[in-house]
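> Each chain is listed here by its residues.
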Amino acid sequence: MASIKMQFEVPAKMKTWSLALIAVGLVALVTGLVTKGFSADEHEQTQFWGTLMYNSIFWTLVCNAAMFFIGVTTMAMGGFQQSFRRVPEAISTMVPIFGAITFAVLMYVIFGHKHHIYHWLDTEAVANDPILKGKVGFLNPVFFVIWTTLTIGLWSLFGWRIRKLNEQADGEPMTAEEGATFIYKNTVRAATFLVWFGLTVGSTIPWLWMMSIDPHWYSTMYSWYTFASSFVSGMSLIALWVIYLKNKGYLELTTQEHLHDIGKFMFAFSVFWTYLWFSQYMLIWYANIPEETVYFKHRVQGPYKGIFFLNLIINFLCPLIILMKRSAKRNYTLVAFMAVLILFGHWIDFYQMVMGSLSKEHVTLGWLDFGILSLFVGLMIFFVSRALASKPLIPKSHPFLKESIIHQV
Amino acid sequence: MAKKKFVVGCFEDEAVLFPAVKKVRAAGYKIHDVYTPFAVHGLDHAMGLRETSLHTAGFIYGITGTTTALSTISWIFTKDWPLNIGGKPHFALPAWIPIMFELTVLFAAVGMVLTFCYLCQLAPGVKKHHFHARATDDLFVMAIECTDTTNTDDLQAFLQSNGAIELSVQVAEEGWWFGRYDNEDVPFQNKEIVAA
Numbered sequence: 586m587a588s589i590k591m592q593f594e595v596p597a598k599m600k601t602w603s604l605a606l607i608a609v610g611l612v613a614l615v616t617g618l619v620t621k622g623f624s625a626d627e628h629e630q631t632q633f634w635g636t637l638m639y640n641s642i643f644w645t646l647v648c649n650a651a652m653f654f655i656g657v658t659t660m661a662m663g664g665f666q667q668s669f670r671r672v673p674e675a676i677s678t679m680v681p682i683f684g685a686i687t688f689a690v691l692m693y694v695i696f697g698h699k700h701h702i703y704h705w706l707d708t709e710a711v712a713n714d715p716i717l718k719g720k721v722g723f724l725n726p727v728f729f730v731i732w733t734t735l736t737i738g739l740w741s742l743f744g745w746r747i748r749k750l751n752e753q754a755d756g757e758p759m760t761a762e763e764g765a766t767f768i769y770k771n772t773v774r775a776a777t778f779l780v781w782f783g784l785t786v787g788s789t790i791p792w793l794w795m796m797s798i799d800p801h802w803y804s805t806m807y808s809w810y811t812f813a814s815s816f817v818s819g820m821s822l823i824a825l826w827v828i829y830l831k832n833k834g835y836l837e838l839t840t841q842e843h844l845h846d847i848g849k850f851m852f853a854f855s856v857f858w859t860y861l862w863f864s865q866y867m868l869i870w871y872a873n874i875p876e877e878t879v880y881f882k883h884r885v886q887g888p889y890k891g892i893f894f895l896n897l898i899i900n901f902l903c904p905l906i907i908l909m910k911r912s913a914k915r916n917y918t919l920v921a922f923m924a925v926l927i928l929f930g931h932w933i934d935f936y937q938m939v940m941g942s943l944s945k946e947h948v949t950l951g952w953l954d955f956g957i958l959s960l961f962v963g964l965m966i967f968f969v970s971r972a973l974a975s976k977p978l979i980p981k982s983h984p985f986l987k988e989s990i991i992h993q994v
Numbered sequence: 031m032a033k034k035k036f037v038v039g040c041f042e043d044e045a046v047l048f049p050a051v052k053k054v055r056a057a058g059y060k061i062h063d064v065y066t067p068f069a070v071h072g073l074d075h076a077m078g079l080r081e082t083s084l085h086t087a088g089f090i091y092g093i094t095g096t097t098t099a100l101s102t103i104s105w106i107f108t109k110d111w112p113l114n115i116g117g118k119p120h121f122a123l124p125a126w127i128p129i130m131f132e133l134t135v136l137f138a139a140v141g142m143v144l145t146f147c148y149l150c151q152l153a154p155g156v157k158k159h160h161f162h163a164r165a166t167d168d169l170f171v172m173a174i175e176c177t178d179t180t181n182t183d184d185l186q187a188f189l190q191s192n193g194a195i196e197l198s199v200q201v202a203e204e205g206w207w208f209g210r211y212d213n214e215d216v217p218f219q220n221k222e223i224v225a226a
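Chains as they are written, first to last, in this note's numbering: chain A, 586 to 994; chain B, 31 to 226.
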């Protein structure tokens, strides 16, 4: 492995760019805070905190999806991801950072008593509302705070344990017994993470954080829908970093074959997302019950109509048509383009999920949204590149590394 | 169909098979096919086979299914026999999407199976020649098509020098031919079994 570059060095240009993005984001954040966050107008306040909410939730879930990717491939005894596994590992180091931001924003909303965002915070309204009264066991500040703390804390902890264990793969080659123990431990830790992931992203957390903005409305598809959205974005983010590193001459052991598999994930989960989108939409459309259609009324027929259909075009039609061919999934340029498009599309999806309920009359997409987005992208680039540089890029003693090197699709 | 003469070489290992395939091709012989007990990654590439167009066919069958479903159901529900179902519009696209999806899958799946059978010249009752029965078990069997000028002895010696453990010259009929196995042509011959 003499010719293989094991150590990533953060290029000065990348650092400058990420800091510039963070600076732009901070300017937007401060301007937003002054003009909207502390404004006397409830609508402006709601817009500001809503924008922070969907951005922080989106990026936390996307970065957590990278750890989910490691978890599922470990449980499936997968070998192909080993040559680039440091990339999802580095992305998952963002979970504590973005998690802390999400936590701060959500706690402000709860303790700042922002009942324009979470209507169920208004105790008087809840007492006079039989539907909300029935949900009070789930939708109450105490449960919200405890569950949110546990969720973000355990995501960070379990992810950290998996990353910590895999530092062993940078050491001396393992014997057969050591290798078997290593794989077994990996399996146990991945399984622990996945169980907690299923309990949170797979069910409760999207209900709690985002669906409870419309406290009367509910959809059992909502969490899976959010999960699909975050996982396909997570795969796109992994693809972007892998392609970036390949471009810079790193990750020599990762080839078109690996890119093809990442592309398959992006393709398959775009279709999976559409399946869930449609399952949620069609049942509500078909039954046509007012308390269910309330969610789609202003999205399909109101001001969000454009975004609603743009969402379908970007997140379903484009991946379906462009990524279908084998040659497309093996083309670095095309996969990079699609990864950016999918990430943007699902960011828009999260935008309409949260802001579509908070600001029903107007589409608020504007400088604040893109400013906050730039803050999160800047933070992501800054910290992920640092995490990548902190460890060897290839786990050279991982028992499955050979499988990854000879991987063929 | 025309009967053709084949020189058949059997290999016990992929690692021997791959260089042999390359050398046989480099020497200018035409490999009819290589029969393996399992899918060998990269063998199609080594043999110089072009990429299959089965998936393109599948795509065409799929969109045929989608269009069939959409045109049929929209004609029925908007022109031929409009019904008021729960006050929904006659052109109720969301309700039709599951049917369009099902027909896409049905057309693509059935069409691809039939195309696959046609490309492999397989059908119920079609008789296929087995170059070596152990190709279904643990042997890699390479069949080389002979021309009028092929010297089979030279070719067998060439294969042997490249690691073939068993060699034979067989005459087989290609393509579709209906019939059944003759009694004297049992694929699993009752060879004398030597106790190990």
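Hints are not guaranteed to be accurate.
[Said to hold, decoys possible] Computed list of lysine-lysine pairs in BS3-like fashion (alpha-carbon distance at most 30 angstroms, straight line):
(1) B:K53 - A:K987
(2) A:K882 - B:K118
(3) A:K945 - B:K118
(4) A:K910 - B:K118
(5) A:K987 - B:K33
(6) B:K53 - A:K890
Simulated from the structure, these hints should not be mistaken for lab results.
> Flag every earlier hint the structure violates by its number, smallest first.
Those not satisfied are hints 4, 5 and 6.
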